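We have chain A already, so just place chain B with the ligand on it with the hints.
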Amino acid sequence: MDKKKLVILAALLLFLVVLVIIYLNLGGTAKPKPTQFISASQSESESEEQIESLTIILFFPSEHDSLLHREAREIIPESSLALQAKRVISELLNGSQRGFLSPIPPETRLRELYITKEGVAYVDFSREIMDKHLSGSSAEMSAIYSIVNSLSYNIKPIKKVFILIDGGEKKTLGGHIDLTSPFQPIYDIVAK
Amino acid sequence: MSSDAGSIPAASKIVINDREKLYKLRRGIPKLALAFSLVFLFLNVFSAPQSQPVLRISAQDYDNYSRVTIQSSQPLSSSIEQNDTFVFVKIRANTPFRIQRESFRSRFIKSVGWSQGSGSYTLTIKTEHENFSLDSFKVQNPPRLIIDIHPNKGQDPPIAETNRSGTNPQTADPECIVIDPGHGGLEAGAKGKFGTLEKDLTLAIGMKLAEIVRQTRASNVVLTRDRDVDVSLEDRSAIANNNKATVFISVHVNGSYRKGAAGPETYFLSKDATDEESRRLAFMENNSKELENNIQAEDEDLIKMILWDMAQTAYLKQSSQLAEDIQSELNLLWGTRNRGIKQAPFKVLTGVACPAVLIEVAFLSNPQEERKLLTEEYQRKIAEAIYEGLAKFLRENSH
Ligand SMILES: [Zn+2]
Chain A
1 MDKKKLVILA ALLLFLVVLV IIYLNLGGTA KPKPTQFISA SQSESESEEQ
51 IESLTIILFF PSEHDSLLHR EAREIIPESS LALQAKRVIS ELLNGSQRGF
101 LSPIPPETRL RELYITKEGV AYVDFSREIM DKHLSGSSAE MSAIYSIVNS
151 LSYNIKPIKK VFILIDGGEK KTLGGHIDLT SPFQPIYDIV AK
Chain B
1 MSSDAGSIPA ASKIVINDRE KLYKLRRGIP KLALAFSLVF LFLNVFSAPQ
51 SQPVLRISAQ DYDNYSRVTI QSSQPLSSSI EQNDTFVFVK IRANTPFRIQ
101 RESFRSRFIK SVGWSQGSGS YTLTIKTEHE NFSLDSFKVQ NPPRLIIDIH
151 PNKGQDPPIA ETNRSGTNPQ TADPECIVID PGHGGLEAGA KGKFGTLEKD
201 LTLAIGMKLA EIVRQTRASN VVLTRDRDVD VSLEDRSAIA NNNKATVFIS
251 VHVNGSYRKG AAGPETYFLS KDATDEESRR LAFMENNSKE LENNIQAEDE
301 DLIKMILWDM AQTAYLKQSS QLAEDIQSEL NLLWGTRNRG IKQAPFKVLT
351 GVACPAVLIE VAFLSNPQEE RKLLTEEYQR KIAEAIYEGL AKFLRENSH
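Chains as they are written, first to last, in the numbering used here: chain A, 1 to 192; chain B, 1 to 399.
Careful, some of the hints might be misleading.
To be verified - Which stretches of chain A does chain B cover? Using the computed rule of at least three CB atoms under 8 Å from a CB of chain B, they are:
id	segment
1	57–67
2	133–144
To be verified - List time: in silico PhoX-like cross-link candidates among lysine-lysine, alpha-carbon distance up to 25 Å:
id	chain 1	residue 1	chain 2	residue 2
3	B	K138	B	K342
4	A	K132	B	K110
5	B	K90	B	K138
6	B	K110	B	K126
7	B	K110	B	K90
8	B	K191	A	K170
9	A	K192	B	K342
10	A	K170	A	K86
11	B	K342	A	K170
12	B	K191	A	K132
13	B	K138	B	K392
14	A	K192	A	K159
15	B	K317	B	K90
16	B	K342	A	K171
17	B	K381	B	K392
18	A	K132	B	K244
19	B	K244	B	K392
20	B	K392	A	K159
21	B	K259	A	K192
22	A	K159	B	K342
23	B	K381	B	K191
24	B	K138	B	K317
25	B	K191	A	K171
26	A	K170	A	K132
These are computed hints drawn from the structure, not numbers from a lab. This structure is a prediction, so every number in the text was calculated from the model and none was measured. C-beta: ideal position from N, C-alpha, C; glycine also.
So that you can see chain A by itself, here it is in the shape it has in the complex:
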């Protein structure tokens, strides 16, 4: 009986140790400051030689219809999901390269982005996204769903997107669409 418990305990400890080792090896991916892990940053630069560029799809509104349109873009893969997601947003904030409309005010900055294990991405924008935003339901919806669709489409573990402004929850961008709950992507508003 006791022996059994001991075996289980030993197994658990072993599991833990293995996880610690795994974590230390992958440390660079979870840490925002990779410099603290010299070995990690070394392994990153080693793998960089083999890195191929990655195609992401951004969603922008167009002057011609009320749909969102896809725009492909090449990026260099980042070391973590959160960094990759940040990259998607900053590409979106840069606006379209193919003449689509930019639904987010250009002054807007991405403050922070993190992803929970349930797959909820918290995207924190500077307050320009609200203050400089063109008011109107359609304008709000195109801003929100260009963000939500772009994130969910490219970062598969993201199931829902929660939009924060200036570090906190806001009710709406301009009096219409509810920001107090997370969004799921809607792909039927995307042009075929």
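Chain B with the ligand alone, transformed into the frame defined by chain A:
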């Protein structure tokens, strides 16, 4: 925790643990602690029974019908058969479901049972009387099959009077139309090229609509504002609920980055999982005292979610019908065709406990439409079109 924690939105209680972990990650807490939390994370991920699809069955009474809701984590393919006092619902299933059945009390439904066949499940709903009519429809995100059982006239058991839910507007209460002119005060809403403000147009159209309803019907009319003042979105829905609104109509004027965007649009609340999640969280927030002491009670959580879910879907069909009735009148007015009714998570609609729509009467970002919107004549025409749609809806829904 540092002040960062203060910025965690109130509605995100459920994810707070993970966020704490994330913050700790950033702060470089000793690796061992990290490893432990990682173990915890892994265990959590693996223990979550996500693979097996769930079929949740619940039932609830409304004033003059009972509703059975079958919710699934994947699209439902089903057929319904009515026989004597039974309703058989056959649900095709390629993989086995985990069945969760809620206990319920109903005036019209005696029992809900289920059996498993090859590649399908059969739900057996036993009703109190054989004289009833069925109404079923599907709702997406998450997929739900909703079956309403309407006992035919003369079948209401006497307890019906004492057991009334009081949330259904089609009862003894006088008809009350709540009109919500969007924005107001500091919040101007959309702006037109010629300086027109959304808040002024919504007020002008809302007041005209109120006037028409007052002159035409013997019903109460309540405006959420009749002046240029700020009214919070929560207060607007509270006004509807406090007045036991029969119908809630929010009037807005649209704005788009597209200069060519034109035409009216009528929205009702999208009932996707997003909403449900938020309502569930809001609901739990209000009941957090009991729930916090009871965090592992996943079932509790589930029950609340289902109850809340039912409260929401109660008006889904009517709201969609109201939206359709109004939209077709507006289409006639503007000569538009393709713009149908749409669903979107509008904040002002989330708390309204009656059929509710939000109308974007036209685009203020479109100079041609702005010019028309500025004329009294067009404002009146719009108000009349909305009234026609509303009147049609009320006719269809009078019992
Ligand atoms: Zn508006």
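task: Could you tell me which of the hints above the structure violates, numbers in ascending order?
output: Result: hints 4, 18 and 20 break, sorted rising.
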